[in-house]
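Heads up: the protein sequence lines correspond to chains A, B, C, D, E and F, in order. When we follow numbering that gives the first Met the number 0, the leftmost residue of the first sequence carries the number 0, and every step to the right adds one. When we follow numbering that gives the first Met the number 0, the leftmost residue of the second sequence carries the number 0, and every step to the right adds one. When we follow numbering that gives the first Met the number 0, the leftmost residue of the third sequence carries the number 0, and every step to the right adds one. When we follow numbering that gives the first Met the number 0, the leftmost residue of the fourth sequence carries the number 0, and every step to the right adds one. When we follow numbering that gives the first Met the number 0, the leftmost residue of the fifth sequence carries the number 0, and every step to the right adds one. When we follow numbering that gives the first Met the number 0, the leftmost residue of the sixth sequence carries the number 0, and every step to the right adds one.
Derived by calculation from the structure, the hints in this document are not laboratory data. Cβ coordinates follow ideal geometry from the N, Cα and C atoms, glycine included. Heads up, a few of these hints could be off.
So the derived label-pair ranges between C-beta atoms look like this [what the hints assert, rightly or not]:
id, chain 1, residue 1, chain 2, residue 2, range
1, C, 9, F, 385, 47 to 57 Å
2, A, 41, E, 224, 47 to 57 Å
3, A, 41, C, 106, 52 to 62 Å
4, D, 163, E, 217, 19 to 29 Å
5, D, 218, E, 385, 57 to 67 Å
Single-letter residue listing:
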Amino acid sequence: MKMLRCIVQPYKMEDLRAALEDIGGVGMTIYEVKGHGRQKGHKEVYRGAEYQVSFLPKMMVEVALPDERVDEVVEKIIQTVRTGQIGDGKIFISDLEEVVRIRTSERGIDAL
Amino acid sequence: MKMLRCIVQPYKMEDLRAALEDIGGVGMTIYEVKGHGRQKGHKEVYRGAEYQVSFLPKMMVEVALPDERVDEVVEKIIQTVRTGQIGDGKIFISDLEEVVRIRTSERGIDAL
Amino acid sequence: MKMLRCIVQPYKMEDLRAALEDIGGVGMTIYEVKGHGRQKGHKEVYRGAEYQVSFLPKMMVEVALPDERVDEVVEKIIQTVRTGQIGDGKIFISDLEEVVRIRTSERGIDAL
Amino acid sequence: MTTFMLGKRKGLLAPAALFLLAASTALADEAPTAPINAGDTAFVLCATALVLLMTPGLALFYGGMVRRKNVLGTIMHSFVAMAIISVQWVLWGYALAFGPDHGGLIGGLSWVGLRHVGGNPSAAYGGTIPHLLFMAFQSMFAVITPALISGAMAERIKFKTYIVFILLWTTLVYDPICHWVWNPGGWLFKRHALDFAGGTVVHMSSGFTALVVALMLGRRRGFPEEPILPHNLPFTILGAGLLWFGWFGFNAGSALKANDTAAFAFVATNSAAASAALTWMILDWVFYKRPTALGAASGAVAGLVAITPAAGFVTPLSALVIGILGGAVCRQAVQWRTRRRIDDSLDAFGVHGVGGLTGALATGLFASVGEKGLFLGNAKQLLEQGIAAGATLVYAVVVSFILLKVLDATMGLRVDAREEFEGLDLSQHGEAGYSE
Amino acid sequence: MTTFMLGKRKGLLAPAALFLLAASTALADEAPTAPINAGDTAFVLCATALVLLMTPGLALFYGGMVRRKNVLGTIMHSFVAMAIISVQWVLWGYALAFGPDHGGLIGGLSWVGLRHVGGNPSAAYGGTIPHLLFMAFQSMFAVITPALISGAMAERIKFKTYIVFILLWTTLVYDPICHWVWNPGGWLFKRHALDFAGGTVVHMSSGFTALVVALMLGRRRGFPEEPILPHNLPFTILGAGLLWFGWFGFNAGSALKANDTAAFAFVATNSAAASAALTWMILDWVFYKRPTALGAASGAVAGLVAITPAAGFVTPLSALVIGILGGAVCRQAVQWRTRRRIDDSLDAFGVHGVGGLTGALATGLFASVGEKGLFLGNAKQLLEQGIAAGATLVYAVVVSFILLKVLDATMGLRVDAREEFEGLDLSQHGEAGYSE
Amino acid sequence: MTTFMLGKRKGLLAPAALFLLAASTALADEAPTAPINAGDTAFVLCATALVLLMTPGLALFYGGMVRRKNVLGTIMHSFVAMAIISVQWVLWGYALAFGPDHGGLIGGLSWVGLRHVGGNPSAAYGGTIPHLLFMAFQSMFAVITPALISGAMAERIKFKTYIVFILLWTTLVYDPICHWVWNPGGWLFKRHALDFAGGTVVHMSSGFTALVVALMLGRRRGFPEEPILPHNLPFTILGAGLLWFGWFGFNAGSALKANDTAAFAFVATNSAAASAALTWMILDWVFYKRPTALGAASGAVAGLVAITPAAGFVTPLSALVIGILGGAVCRQAVQWRTRRRIDDSLDAFGVHGVGGLTGALATGLFASVGEKGLFLGNAKQLLEQGIAAGATLVYAVVVSFILLKVLDATMGLRVDAREEFEGLDLSQHGEAGYSE
Ligand SMILES: Nc1ncnc2c1ncn2[C@@H]1O[C@H](COP(=O)(O)OP(=O)(O)O)[C@@H](O)[C@H]1O
Ligand SMILES: Nc1ncnc2c1ncn2[C@@H]1O[C@H](COP(=O)(O)OP(=O)(O)O)[C@@H](O)[C@H]1O
Ligand SMILES: Nc1ncnc2c1ncn2[C@@H]1O[C@H](COP(=O)(O)OP(=O)(O)O)[C@@H](O)[C@H]1O
């Protein structure tokens, strides 16, 4: 199994959820993160000064998948959230050794 | 070493902390996430309309462990947070290559 | 490639960002977490009682890197955030199989 | 002067009939007694608005102390009281409380729907302000009282039951007690029990009811093993600030005139709030090593409660002392209920019940402006204060107990476990307090 | 009595000249008519302060309903109205609205810069309070009206355009309508159209403009497919509480005297707010299975709007009925615009436009205190109410439409897509509402 | 009329003795001078409540600007001032400031514990309102002044030291300056220095002290290299709204009568707040390309400060100009301290010190209502204003410097590094502002 950890623009989240629902059978876990990459942050004004805010709000989307579905899902994600602008985000893929469904103690692919 | 990343019901967090403290020697890192799985979300009413809220609040609990303690801890977690209802959550287990304790620069199991 | 996941004191975040910018070419993703380890929590008073708050605010810093830069970056991080006190935090290092840059569909080291 | 026209109708009308009749019938108002004094009227108009603001203030004070998932539910307990009791008061509450007396115990139905309550002053109620304004001023007291009780129900009461409860409680508990103390025909009024602005009527009645409620509802899941911490203390302190502000209307406004009594009441209010805030904060400092913000805010409210019955009757220095007493005694009551593991979640009993009692008795000790208490040699006053406090306490506790028993058997008091975990906001109101 | 001295200057002065001249010229005030009454003055001073507070209240009410990234932008729409319109009113707004009449349609420039508006009472405006105070009271109405419209622009209007819009709108729409209804020379005033505190002038004018705005601006990206949920409902409810509080100044203060009319208006205000809050909440309960907090808060505001034109003219029971009507009709309007996918984001049209219209007509039905409506046999009053409402509606809609067309062509109405995603706080103000 | 009874006691009593004596002694009040005017009294009662609300407003204004971990600590700086100074004022503060004069410099102990301060009017203080009410009105000024200073101490002062500081500062700095300016025996009063509502007494005294404090406390760790951003700007803007609202009590209330002077002060207050908010916002627009919300809110406060000494003495147009001046000059002062890397964290100096000074001098220029300034040919007034401002500045700076030196040597001013990282909420109060 693989764990996909995708960093996407927050405003794309709703579309992404819908897209993954479409292709079916994909649970996910999301949380808010802040990212620092090529995309430049913005300036904030505070009374006597301007400050560079270097971290931008992003959304982390984690999806655990059987190996064979990885390509399909990566494709779908790219398609859904790409705008072609810097800051579109990244997908980090790593190996996932084991999954346990707490409710049933099932393990492995059945537990996804 | 292994990294356990557990998604649990937030209201079970206090019990879980106590349980892991009981078995001893387990540090952890937690954060709030939102989950989308089999468990159905709820409806929220907003003025002229009802909205499906598809993500539910969950708690992520990360525990880094030596390989030999994994089974014991997984068992303990399941025992503590299982209610038998959809939405109980999952445990994702993956390999952890190295740990460094910043304070001492210790590495490996000693750094846990 | 490797994924470094570092838990650091939140007030060191600004220094850390600057330090990693110095050594160059390092994107990162951060989020707030709460940690439970050797460092003792604090007491909070609430009307009729005192409560032990066992989780302390920490910052998670994730940095994906080519293998060869790991040592350099770990060294830099330790240098920057170490105070020598309990609670300084940890660095978890694991293998990262693949990275995709959503904007360009580039993969691997080029996508970092 | 504008003439007020209202029907000869007996009893209540169905809404549909109301619709057509409300504006179309006419009856002469009761005879005018004295001309309206613009200064007094100006003051009571503003005071009434100030007291209204106390309920949103309370909503914040309470709302900040619960967990995020219950913030709306908690705020709604106060907000809905503004809606329901404002209507109840116009329809029958004012009639029961302030209408012509029956046996010293209750008003009656002759003033239902505010019949006979018009723009001219009533000699018994203010005398120099429109009778209708006195009614409005009193309505705000009726509104906040049941909202105070909600502190004991936080994070677990069914909303539907809450609504029925406050409607019945106001009718069966508040209106009679209010009648006893403030209607010139009321039995406690006639015994010359002193309650300047509602120490017994408002605070003791709600505070002791809260204790009954807390015991009958049972504890929140997790209490007291797990820390259940306030999700937004700035809200709580802002709420306390709004309460402090509004309380000037509550206490000084109870003079019903813009005069020296109002000034005394105003100064007493501020002095007691201040000294009680200091007292509670310092005691936290001594016992928990930290001068807490919540302690200071709670103390301020406790002081405001304690001075309420005494406000217009005491000197500023006495008010400082009453504040110290109120702060210390209420804090002790909160400690006690925590040790006894009673989940009066937001301390309606400790602050309002015990604070009201402290103030009622302190009035019998310290009264020196216009009235005389024990310290000026009038022991009888203390006795009367004890009688009024005792009667209020017993009546409120007994009727509330019966009421809750009935509601428990019929509608149920608590949400189920799942809803409690989910929080009142979602389970009772279908909303989340906060989102992105 | 302090003598007020102000220049003989004609028209407006450049700031630099102002700097030197403002204090240095003198002209006798208009002749005094009656002595100042301290009670009335005290009341209107306080009422004016209360109405001022409504605008921060509105800022919170609206600010809580948008997403985090737009909270400051939304709050600023109200806050900046306090700044801009306060200045506009002193410089020329008051002159246009209340200055000597021209053809029943508009005031003129003779009172520009508050020339002739001094410390002595004006017979036409209050009579027993300083003329300047009447001006101040009215300024608060002028301030809040454009801020109400901002609910239809939330999360997407350009700030620069917003500023120009409210300045022109106040001058071209508000000031004339205000003149028609409240200036003794105004054509609606002369027809004896009743608008106690601004149902047409304030609420209909802004509410119907909001509809035009919503249609011309277009929908927010994502609306209505994605849920766009309020980021902080406690703010919204606190805002509603402040509005309720301030509305006593708005409505009762419109009596301009601390008398029985003020008391009637006060009681009507509270009664309608309460019954409307209940109505909306109960309808949510019926149709969505949940009594929502936002519904209760929205209902309260709807009731306050609906009672505004009627406040001093109706009995408490009629006010309850008007509240029920207001709550139900406004809620229906909100349902309608949602079904029609019109993005009047914070429902300025549904609540203020429709509520104001409901109230204006209801005044023609229920008036019974000092005036007579249809239910007391005076059908003509209903007709006049209809004329006033219709004229307000048509004028506001037409002028706003033209104004928005012009602004769209010149400055642009909406921020671009990127800025909308980023949020108004960052893109328009360079700030974030919240950080660590 | 209620008779006020208070002891012949000399000096202060120990709390225990207070307890018994407070209510049991009697002394005739000073002879009545004029009957109480209900209208004036109504107004000052309400104004006093409004001024009280400014302190919670300030708590929010400041509290929103700090980081989350310091929100309670910052709010407590204001809240605790309400508690401590309210008590100080009753016990000895009022006696020092307004008691019978000693050499133009200070009152004395003869009015300690409010001896001789009763329900009858005092000719010198209001004349038509209860003396006790004047005392209460003034107490609110004494409360907010030290709270203003706390802006310079944010996020790093020891709470214990803060408490001792404000108690001593009020006694040693505020009470004397207040005496000089507002006690008929005070040396600045006799020179006919004009300070309508506290430009020197309240704002300059606190603002210049803040500068000393900021320099002596040193910078927060991380300032100015790291961005230290406001955690909740909606709080800050709501706070500004409450300040604006309360300031009507502060300024118009200072007329002590519900008359035309109050109306002038009211209009001046609103006008200056508005024009200053616009000014600051527009300057941000020009220099930072963004019209910031914080700029608008800061500007409003700066305008309110600048108009304070002038409020009852100037025309609305002059007030607009003073607002523009206040907004621009204060903004410049904030720029200056930032460039100089002075960590007056929440700009108590820039806004209150500089704004108060601007207003004090502007009063000498623009005074034209009841008084004459330079622009009406009275150059002497400007001189007097300069003397009053200079004396206030020098006295406040010197005494505060000594006081802080002593406190630094004895108790220490700053929390240690660890506590600063942790935040004041946890380290000083054992609480967290927010949790789940
Ligand atoms: N080396 C990295 N490690 C962890 N996260 C990264 C790394 N590089 C980029 N990111 C995350 O990806 C986001 C997008 O990256 P960015 O460089 O801005 O855009 P793009 O991928 O389009 O070039 C960043 O905001 C950050 O959260
Ligand atoms: N494929 C997945 N990838 C990542 N997280 C998942 C995945 N499936 C489920 N989750 C997480 O686990 C939580 C529980 O899953 P759910 O299907 O609701 O219950 P259960 O595991 O009891 O069947 C979800 O809310 C989500 O956070
Ligand atoms: N076994 C673990 N698994 C996951 N996170 C851990 C573990 N042990 C420690 N941590 C994280 O590291 C942080 C620092 O650890 P702590 O024991 O307090 O300090 P130190 O590493 O200096 O001994 C903790 O707050 C927690 O977030």
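Against the structure, the hints:
1. Between residue 9(C) and residue 385(F), the C-beta spacing of about 49 Å keeps the proposed range 47 to 57 Å intact.
2. At roughly 27 Å, the beta-carbon separation of residue 41(A) and residue 224(E) lies outside the given 47 to 57 Å, and the hint is violated.
3. Separation of residue 41(A) from residue 106(C) is about 29 Å and departs from the stated range, judged on CB atoms against 52 to 62 Å.
4. Between residue 163(D) and residue 217(E) the beta carbons are some 46 Å apart, a value that contradicts the proposed interval 19 to 29 Å.
5. The beta-carbon spacing between residue 218(D) and residue 385(E), approximately 59 Å, falls within the hinted interval of 57 to 67 Å.
When the structure is compared with the earlier hints, violations turn up for hints 2, 3 and 4 and for no others.
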